[in-house]
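Enquirer: Letter by letter, the chains look like this.
There are 2 protein chains.
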Amino acid sequence: MQTIVQKFGGTSLATPQHIQRCAKRAFDAAAAGNRVVVVVSAMGKTTDELITLSRAITPAPRQRELDMLLATGEQVSTALMTMALHSLGHDAMSFAGQHLGIITDPAHTRAKIRYIDVDKLRRELDAGRIVVAAGFQGVTVDGQITTLGRGGSDTTAVALAAALGQSYDSSVTCEIFTDVDGVYTADPRKVAGARKLGRISYEEMLELASLGAGVMHNRAVMCGSNYGVPIHVRHSQKTDEGTMIVQESPEMERVAVVGCALTPDLGRISLRKIPNRPGIQGDIFKIISEAGILVDDIMQTEYGEFADMSFTVCIDDLPDIKAVTQSFLEQLGCGTFDVETGLAKVSVVGVGMRTHTGVAATMFSALGQADIAIANITTSEIKISCLVHAVQGERALNVVHDAFDLHQTPQQQLAQVVTQSTQTQAIGSH
Amino acid sequence: MQTIVQKFGGTSLATPQHIQRCAKRAFDAAAAGNRVVVVVSAMGKTTDELITLSRAITPAPRQRELDMLLATGEQVSTALMTMALHSLGHDAMSFAGQHLGIITDPAHTRAKIRYIDVDKLRRELDAGRIVVAAGFQGVTVDGQITTLGRGGSDTTAVALAAALGQSYDSSVTCEIFTDVDGVYTADPRKVAGARKLGRISYEEMLELASLGAGVMHNRAVMCGSNYGVPIHVRHSQKTDEGTMIVQESPEMERVAVVGCALTPDLGRISLRKIPNRPGIQGDIFKIISEAGILVDDIMQTEYGEFADMSFTVCIDDLPDIKAVTQSFLEQLGCGTFDVETGLAKVSVVGVGMRTHTGVAATMFSALGQADIAIANITTSEIKISCLVHAVQGERALNVVHDAFDLHQTPQQQLAQVVTQSTQTQAIGSH
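Protein chains in written order, with our numbering: chain A, 1 to 430; chain B, 431 to 860.
Heads up, some of the hints might be wrong.
As the list claims (entries may be wrong) - Some chain A residues judged to face chain B by a derived CB distance under 10 Å, without partners named:
1) I19
2) Q20
3) M43
4) L50
5) P61
6) L66
7) M81
8) H90
9) Q369
10) I372
11) A375
Stated by the list, open to error - What follows is a set of in silico ranges between Cβ atoms, one per label pair, in the way DEER data are often shown:
12) T445/B x D338/A: 43 to 53 Å
13) T11/A x Y598/B: 47 to 57 Å
14) R544/B x A14/A: 56 to 66 Å
15) R544/B x I51/A: 44 to 54 Å
16) C744/B x G143/A: 23 to 33 Å
17) Y168/A x G579/B: 32 to 42 Å
18) R277/A x T445/B: 52 to 62 Å
Rather than coming from a laboratory, the hints here were simulated on the basis of the structure. From the three backbone atoms N, C-alpha and C, an ideal C-beta is built for every residue, glycine too.
Can you build the whole structure from these sequences, using the hints too?
Expert: In structure tokens:
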């Protein structure tokens with residue numbers, strides 16, 4: 001008998017009929033002899049509708065009240081899901097945030113889970129009931145309702161699985177049901193030959209997610225990684241296996257690249273001739289971060305007493321960052337800056353990069369042969385990203401996908417990549 | 431400094447703009463130096479919509495889950511109302527059922543309040559905050575969310591006022607804001623000369639409410655009566671005074687009748703020639719009550735070893751009650767029954783009836799002079815009801831309203847009623 005935490009997102013719960021279908025999946029898992037915890041998001045666009053309601057009252061609601069408001073969305077889903085399970089003939093019990101034992105810090109609207117008391121859940125599971133838990137929410141030690149921020153339901157599911165794994169059933173798994181089949185080698189809407197991955201490591205998933213492959217919330221993947229909870233990402237309306245997100249294994253390293261991604265709509269700010277003194281980077285990025293702007297990649301080159309620095313941001317943030325940069329340079333009394341729009345970033349990801357060489361060379365050559373200019377390069381241990389012109393973004397993604405034969409299974413890829421890496425070893429460690 | 435509990439119903443909270451208007455009333459009351467508790471219902475038709483959602487899942491949801499579902503409606507209102515108060519510049523704090531200290535029995539969907547712990551409320555009020563409380567809900571001693579049944583928000587408001595009256599501020603009052611101006615001598619949509627009452631006793635209000643004058647929930651009036659909480663029923667969008675529901679005072683008895691009401695759409699079941707033996711009434715009404723049918727008035731006449739019995743029910747219940755009666759008579763092996771539809775009931779109410787005579791005669795004579803046949807008469811200590819043909823219902827209501835000069839103020843009525851009662855004293859105590 002195994003314990004499964006199943007999480008259903010808002011799109012999968014958009015209507016009562018959707019809820020009934022998801023209930024059937026939980027019912028089937030229980031009927032197959034598993035102990036089942038169901039974690040639900042708010043139905044469809046409920047959370048957005050509630051936020052719209054609050055905005056009609058005030059543009060800046062206090063966050064405690066926003067949590068009071070938003071937490072109702074998942075509570076509605078728990079009740080309806082539980083009713084659906086009852087009507088299928090299985091005993092079940094709904095749990096809102098305050099009943100679940102998920103204790104968070106008091107940071108309303110973006111609370112972090114401090115600890116989880118799974119005693120109540122264990123009792124319900126031992127009694128043969130399906131537990132239906134509200135995702136996205138918790139309570140502070142003094143009973144205030146908190147929410148975990150967008151994507152928090154994934155985190156609830158993985159965290160409950162982690163807590164149950166520690167004290168109840170070490171073989172627990174977490175299933176994230178969503179509206180996609182799993183994690184792909186690339187976005188299948190953009191790359192015709194994109195292939196669903198059977199397995200991917202937590203680290204690879206984290207990199208892909210931060211590149212915009214929005215299958216799962218990063219916080220949840222991180223939590224799974226910390227506690228070693230296997231996460232199965234799968235389609236809520238299909239029975240096919242999806243993608244397992246698991247600990248990295250030696251076998252995974254046999255392939256250099258598991259997937260690639262396109263981050264569209266980037267802009268680049270280039271600062272020129274700023275003083276090359278210690279601390280100047282800290283000064284500017286402190287101001288940018290205080291303005292609430294998320295910076296993507298940063299590059300710096302120096303020459304004598306001066307340095308040039310450039311960084312990319314989402315184009316939505318361009319007006320803000322222009323103002324911030326302008327005022328920073330005025331305070332500094334020197335330097336100039338310019339702004340480029342119409343950029344995109346194509347990236348390849350794989351834990352195999354740690355042991356394979358020539359990955360960068362393969363990528364750069366492929367882009368070069370396709371006449372795609374690279375405006376910038378950034379790398380991490382398991383990722384290489386190239387900034388390209390946005391109009392060439394999708395083609396660049398396809399070129400890279402082809403270059404690493406990602407449409408082929410890992411077995412098919414293997415020989416290919418090994419050959420390439422020996423040919424291009426001279427270019428660099430990537 | 432006085433404490434005021436203000437309750438706003440769903441119609442008054444239908445949109446964010448409605449909520450802002452209601453918030454302004456609470457804000458004004460606080461700005462005038464009062465301590466204010468706001469009790470809110472679910473917005474507009476939210477509760478109905480949630481019930482519709484649950485019906486789409488299952489026709490018979492478990493009541494615990496229904497409570498989990500329905501309780502979200504008021505929680506949404508508390509958050510939005512609190513945000514609206516903040517944006518007006520007043521400190522305020524929302525309380526859902528589980529935070530309020532309203533402890534109920536575990537009878538889900540129709541829970542009764544056991545006790546109220548107002549400690550938290552007192553602290554908030556003492557800190558100068560407006561408390562925004564979710565109506566209609568409470569928790570059991572072990573933290574399960576319960577609801578009080580339809581109209582429960584009125585009960586929450588009056589019960590909170592009662593609890594605060596006992597331990598915090600004996601001069602507390604309760605304001606019920608609704609979409610009518612107050613309590614009228616008759617439904618102003620049916621009687622042109624209907625007049626708003628300045629004051630009415632709890633008992634009169636209870637009688638009028640059970641006759642279908644749906645201004646306030648009876649349970650709430652009863653609670654007000656038990657704890658002597660003055661209840662002010664008034665319009666949420668107007669500043670006019672409404673109607674005060676208060677303890678009966680000697681002054682009230684100076685007028686015999688304060689109001690009249692029409693209960694439309696009644697049917698009558700008449701049982702004929704059933705055995706006149708002790709216990710037979712209990713037998714039949716036990717079966718009817720087990721079928722969930724609410725019986726209105728009951729009449730019985732006996733002749734020798736047989737009796738005839740008739741009772742009225744809402745016409746919606748007629749198919750059910752026919753089946754129940756049929757099967758009862760079959761078991762009994764004797765008796766017949768027939769069913770009449772197209773009936774309505776016109777009633778007059780007033781605590782003054784206890785001391786005034788001739789009220790019944792005035793009513794019967796007026797109906798007789800208007801050629802309206804009376805099919806049945808029932809009375810209570812402060813009420814007289816006549817069953818009439820439904821097609822004559824509204825005219826009967828107008829005739830009775832005129833007969834007691836209810837369009838006139840109590841001062842104007844007084845001489846009139848006293849004259850009538852001396853003329854008709856011979857007919858009976860009513």
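Enquirer: The structure should be examined with respect to each hint, and the outcome stated for every one.
Expert: Here is what the structure says about each hint:
1. For I19/A, the interface hint holds, since its Cβ comes within 10 Å of a Cβ in chain B; the closest pair sits about 6 Å apart.
2. Interface hint status for Q20/A: upheld, as the beta-carbon distance to the closest one in chain B is roughly 7 Å, under 10 Å.
3. With a cut of 10 Å, the hint placing M43/A at the interface with chain B holds, because the nearest CB-to-CB distance is about 8 Å.
4. The interface hint given for L50/A is met, as the beta carbon of that residue sits about 7 Å from the closest beta carbon of chain B, less than 10 Å.
5. About 4 Å separates the beta-carbon of P61/A from the nearest beta-carbon of chain B, less than 10 Å, and the hint is met.
6. Evaluation of the L66/A hint against chain B yields a held restraint, the C-beta minimum of about 7 Å falling below 10 Å.
7. Taking 10 Å as the C-beta contact cut-off toward chain B, the hint placing M81/A at the interface holds, the least distance being around 9 Å.
8. For the restraint placing H90/A at the interface with chain B, the shortest Cβ-Cβ distance is roughly 12 Å, beyond the 10 Å limit, so the hint is violated.
9. Using the Cβ-Cβ criterion of 10 Å, the hint placing Q369/A at the interface with chain B is not satisfied: the shortest such distance is roughly 56 Å.
10. Interface hint at I372/A: violated, since its Cβ lies 50 Å from the closest Cβ of chain B, which is beyond the 10 Å cut-off.
11. The interface hint given for A375/A is violated, since its Cβ lies 45 Å from the closest Cβ of chain B, which is over the 10 Å cut-off.
12. Roughly 48 Å separates the CB atoms of T445/B and D338/A, a value that falls within the hinted 43 to 53 Å.
13. Separated by about 48 Å at the C-beta atoms, T11/A and Y598/B satisfy the suggested range of 47 to 57 Å.
14. In this structure the supplied range 56 to 66 Å is violated for R544/B paired with A14/A, their Cβ-Cβ distance being about 39 Å.
15. Distance hint check: the CB atoms of R544/B and I51/A are about 37 Å apart, inconsistent with the given range 44 to 54 Å.
16. Range check, C744/B to G143/A: about 43 Å between beta-carbon atoms, so the 23 to 33 Å window is missed.
17. At about 38 Å, the CB distance of Y168/A to G579/B agrees with the hint of 32 to 42 Å.
18. For the pair R277/A and T445/B, the supplied restraint of 52 to 62 Å holds, since their beta-carbon distance comes to about 57 Å.
In this structure, the earlier hints numbered 8, 9, 10, 11, 14, 15 and 16 are contradicted, and the remaining ones agree with it.
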